[in-house]
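Student: Spelled out, the chains give:
Protein chains: 2
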Amino acid sequence: MAERFANRRDIKFLLEEVFDVEALTKYEYYQDHSLETFDMIIDTAWKMGTDLCYPFLQEMDKNPPRYEDGQAKVHPAVRTFLDEIGQGGWINADWEYASGGQQLPNMIKFVYGFLFMGANYSMGAYQLLTCGAANIMNTFASEDLKSKYLAKLCSAEWQGTMALTEPDVGSSLGDLTSSAEETGQGYYLIKGKKIFISAADTDACENTVHMMLARIKGAPKGVKGISLFVVPKYRLEGDRLVYNDISCDGIEHKLGYKGSPIGQLTMGENNDCRGYLVGEPGRGLGYMFHMMNEERINVGIGAIGKATAAYYASLEYASQRCQGRKPTEKDPLAPMIPIIEHADIKRMLLMQKSIVEGGLAICLQVAKYQDLAKVSPLPEDREKYALLVDLLVPVVKTFPSEAGIISTSAAIQCLGGYGFCQDFPVEQHFRDIRIDPIHEGTTGIQGQDLLGKKISMKNGKALDLFFEEISRTLQNSQGIRDLQPLADQLIEALNELVRVTKHLKELAAQGKTEEFLADAVLYLEMFSLITVAWQWLLQAITAQKALNQQTGMLESDYLFYQGKLFACRYFFSYELNKIYGLERRLMSVDYPTVAMDAKFFQAFA
Amino acid sequence: MAERFANRRDIKFLLEEVFDVEALTKYEYYQDHSLETFDMIIDTAWKMGTDLCYPFLQEMDKNPPRYEDGQAKVHPAVRTFLDEIGQGGWINADWEYASGGQQLPNMIKFVYGFLFMGANYSMGAYQLLTCGAANIMNTFASEDLKSKYLAKLCSAEWQGTMALTEPDVGSSLGDLTSSAEETGQGYYLIKGKKIFISAADTDACENTVHMMLARIKGAPKGVKGISLFVVPKYRLEGDRLVYNDISCDGIEHKLGYKGSPIGQLTMGENNDCRGYLVGEPGRGLGYMFHMMNEERINVGIGAIGKATAAYYASLEYASQRCQGRKPTEKDPLAPMIPIIEHADIKRMLLMQKSIVEGGLAICLQVAKYQDLAKVSPLPEDREKYALLVDLLVPVVKTFPSEAGIISTSAAIQCLGGYGFCQDFPVEQHFRDIRIDPIHEGTTGIQGQDLLGKKISMKNGKALDLFFEEISRTLQNSQGIRDLQPLADQLIEALNELVRVTKHLKELAAQGKTEEFLADAVLYLEMFSLITVAWQWLLQAITAQKALNQQTGMLESDYLFYQGKLFACRYFFSYELNKIYGLERRLMSVDYPTVAMDAKFFQAFA
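Chains as they are written, first to last, in the numbering used here: chain F, 1 to 605; chain W, 1 to 605.
The hints are simulated quantities; they were obtained by calculation from the structure and are not laboratory data. You may find that some hints are simply not true.
Same chains, same label: a pair holds when it works inside one copy or across any pair of copies.
To be verified - Below 25 Å or equal to it, Euclidean Cα-Cα: the simulated PhoX-like pairs (lysine-lysine) are:
1) Lys-326 with Lys-221
2) Lys-330 with Lys-512
3) Lys-578 with Lys-505
4) Lys-326 with Lys-148
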């Protein structure tokens with residue numbers, strides 16, 4: 001195992017120096033907190049990640065859940081972790097005091113999610129799924145439902161899930177067919193099948209509570225006919241837990257993310273699966289999507305967690321492994337050097353560093369917007385920050401997921417043949433991260449969301465606000481001479497983005513809807529590169545200012561800030577420049593992916 | 001399992017229509033062959049791939065070799081395959097008649113390697129490794145050694161390996177330490193350890209013959225002290241096989257490529273491991289590298305095989321799976337459409353198609369150069385083709401390996417959640433292909449080879465010849481109106497390549513060796529994109545001419561040629577344009593990967 005899966009110093013830098021998390025404590029909602037309480041929470045999470053998650057990373061991968069006697073049997077370490085989670089109040093720490101929460105900022109909540117998932121993604125996912133289910137219940141369910149189910153979810157005694165996908169319905173949720181029949185007795189009878197449900201069933205908990213989408217009989221077809229139900233594995237009848245006729249039919253054998261049981265469910269085989277309606281009929285998808293931002297940010301955070309762990313494993317290896325010599329070394333008998341001294345290895349490490357630290361930055365930036373959207377006194381500020389969150393969620397979901405594949409692949413490459421072997425954890429991170437461009441809305445869905453919806457919402461107001469945010473960073477860079485070339489490069493990139501956006505919106509205006517959306521994924525990639533470049537400039541400003549101002553700086557701080565400046569330079573030169581390839585494609589007026597007849601793929605004889 | 005792992009029509013197109021394999025039969029060496037014999041061979045290979053390899057793809061992955069009683073126990077299907085391989089003369093079909101071969105062109109040999117490895121990479125690898133060992137023995141070993149070992153290797157009764165890597169020596173082969181002590185009795189005593197040896201040990205064969213690098217005691221340090229030995233597991237003493245004191249100490253547990261035992265060897269624990277010198281002392285690395293082109297092309301071919309199989313699995317799924325509707329469809333109740341109709345899915349299929357068919361094309365192009373280098377009557381022609389092979393080997397090794405990761409990842413994405421599950425083969429291809437940027441020289445090594453050596457060899461003659469070859473294709477495109485924009489785009493790209501190459505060579509001339517080589521991998525990527533774009537233009541010319549000329553064309557031919565034209569358009573617009581991002585980086589005069597102090601990565605507190 002590698003020595004570390006994350007960098008405490010980087011978390012401190014982002015929270016305190018870049019995003020000034022302390023400023024949040026000036027708002028009434030967060031007033032009981034301080035840098036010290038944040039620090040304590042993160043230290044505790046670090047310790048939990050180190051002691052309860054990380055040691056089981058490979059073990060849970062090699063011993064995935066077994067499906068026996070109709071139940072998924074998971075690694076016993078899961079229960080230990082969930083006990084701590086429940087006792088520590090980690091499930092609902094962001095909720096208000098009145099709901100049993102600690103009014104913790106999202107920024108801090110995402111950091112501990114990052115630590116749990118980075119230490120062991122499968123382990124961290126159990127907590128997150130329960131969080132998601134508890135959140136949606138807390139926001140939309142009746143007091144009666146909340147009184148029955150919330151406490152057990154928040155104590156992590158019961159596992160929560162989000163049950164959306166069906167055998168024939170994945171991305172196209174409006175078509176789902178699981179049914180709910182009104183009984184007039186306070187519940188509905190649910191029938192149907194669900195697949196790919198994370199933590200669908202587990203013997204780590206005495207009960208599993210599914211937040212499930214189904215269609216009430218007689219409801220309109222399409223999206224508007226979908227309602228949300230609480231469907232527990234064991235329902236509460238008085239004080240008793242009664243089996244609720246929902247069976248786990250099996251669990252998937254997967255590429256990665258193996259420690260968590262992803263399963264299939266059948267509801268109502270004996271006509272006795274009771275579902276309890278959440279909120280109003282027909283609004284299920286809306287409720288789910290209310291929570292979707294949170295879930296999607298969590299995917300991004302988890303992906304960054306995995307890629308970060310892979311990065312540190314490869315950094316450790318590259319620092320210790322000696323191989324070859326500098327190309328300028330003429331003596332073939334000179335001692336071999338640590339491979340980190342080779343430019344190409346340093347390139348792969350800088351690539352990873354710039355992706356994982358830039359990715360974490362944008363996640364925390366959006367978390368800060370979420371916090372400000374919640375507590376800003378002025379309604380226009382709350383709207384502003386909420387719009388920025390909505391705009392950036394596709395980026396925060398996708399950049400870590402997609403760049404994370406490349407980043408973990410580079411981690412493997414740094415280790416050479418050892419990277420391909422299970423003795424080192426990098427191959428697992430490469431497998432574990434591959435789920436992220438798929439679940440909670442594929443990359444394709446994210447692209448459609450950004451280009452098809454977010455760019456134009458409120459007459460493009462979110463995009464304007466985004467440009468304003470970047471402008472502020474550009475202003476802050478003025479006077480820092482070394483950063484001017486980077487600021488200029490970012491301005492040039494923004495101009496390209498404006499040009500491409502205008503071109504695409506013209507297609508939409510001309511009614512060329514397919515052409516408009518055909519390359520949405522490439523647009524999202526271009527948008528993401530610019531967003532992360534902005535986050536790198538922000539970090540470089542902070543680092544350069546620190547280097548300029550501080551005298552008697554700690555050696556480790558000096559090294560840290562220098563590392564930030566180099567990673568920023570790397571990102572601008574090697575990653576941001578990719579937009580010039582993307583821009584050529586996005587400005588093209590030839591649309592082979594629209595024009596091509598699907599039959600042209602089919603010629604084998 | 002998917003219905004197909006390759007496309008017979010595409011093989012025919014490339015061999016016959018694009019590369020005119022029949023023209024080879026005009027040379028004396030190949031005169032006994034004809035299109036018919038080539039066809040028969042490929043049909044047989046197709047059947048072997050289908051019957052002997054493909055059915056065991058997932059089974060061999062799920063039941064990898066076990067290490068028991070000091071031996072690797074492999075899947076019994078391996079023996080069945082090797083029996084056919086041996087009986088059919090597939091190991092040495094390219095050798096001359098006098099050596100027991102069939103004087104088969106490399107073009108055909110690579111096609112059958114492509115089929116075996118595409119159907120089941122681990123299975124195909126057994127054959128290739130024996131091929132490599134037999135080739136090197138046939139070229140450099142004494143008649144005595146050949147008479148003892150070659151027949152058994154060529155009949156696939158004995159397994160061959162290439163034993164280079166040691167625990168402390170991977171990319172830096174000049175530093176290897178395994179030793180050989182002259183005994184004066186016709187053999188050397190070998191001592192040392194080897195790791196990551198493919199097919200290091202197997203119970204599928206009665207013997208394993210290692211082509212092993214070691215250092216004769218007293219030999220100079222560095223590259224010049226390395227010699228090549230035949231080191232069998234069981235040595236021949238008269239008619240008896242005697243254990244040769246070489247033990248397999250274990251096998252690796254790996255990300256993919258699981259069906260093949262990759263193992264560690266210890267030689268000479270009882271001071272009785274005999275190695276038989278091949279050729280002259282001190283020339284071992286040279287001999288190995290003589291075969292390296294072959295091995296590296298095989299890595300490329302294997303990668304394309306895997307990515308091709310993943311492509312067809314995702315194509316099959318995308319053609320059958322219905323989900324969602326066109327963005328122009330306003331009726332949410334309209335029937336769902338096959339996902340292949342969505343532009344973003346078509347984009348991911350076109351990406352795969354353009355990578356795998358473009359990748360196979362460049363592999364066969366280089367195979368053709370190899371064949372012409374062998375049989376061209378004029379020495380200057382032989383030199384020309386040999387130079388083109390040398391220049392393009394880094395491309396043929398790396399483009400399939402690196403783009404293949406992206407391509408197999410896109411295959412997973414086309415299947416959504418199913419792509420992440422072991423029920424479908426795509427996740428395995430994604431794992432299996434990850435070895436390819438590592439073995440037989442990492443991508444970093446390939447970049448150094450192209451930029452540091454191949455570009456400048458013979459005063460840049462290879463590069464000039466390469467440009468001439470592309471010019472010829474550009475000339476052939478004249479008069480085909482629809483292809484003019486693509487030809488123009490390729491010319492522009494070539495100009496960029498010339499500009500970047502000039503810039504980098506100036507760095508070298510200024511003695512800035514580290515800066516010159518720092519981005520060799522990016523240079524290789526740019527070079528590869530242009531090379532594959534050229535191969536796509538070549539295919540598009542052939543397809544467009546066929547469409548223009550033929551009347552009464554078969555429907556399937558029409559579909560096939562149209563598919564080629566669209567894949568070409570896709571590649572130029574989506575892939576070739578990436579060079580404009582690369583070019584910006586490569587022309588930069590800021591070198592963060594050289595300038596950054598490795599310490600700057602190390603700041604955690």
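Student: Check the structure against each numbered hint from earlier and tell me which ones fail, lowest number first.
Tutor: 4
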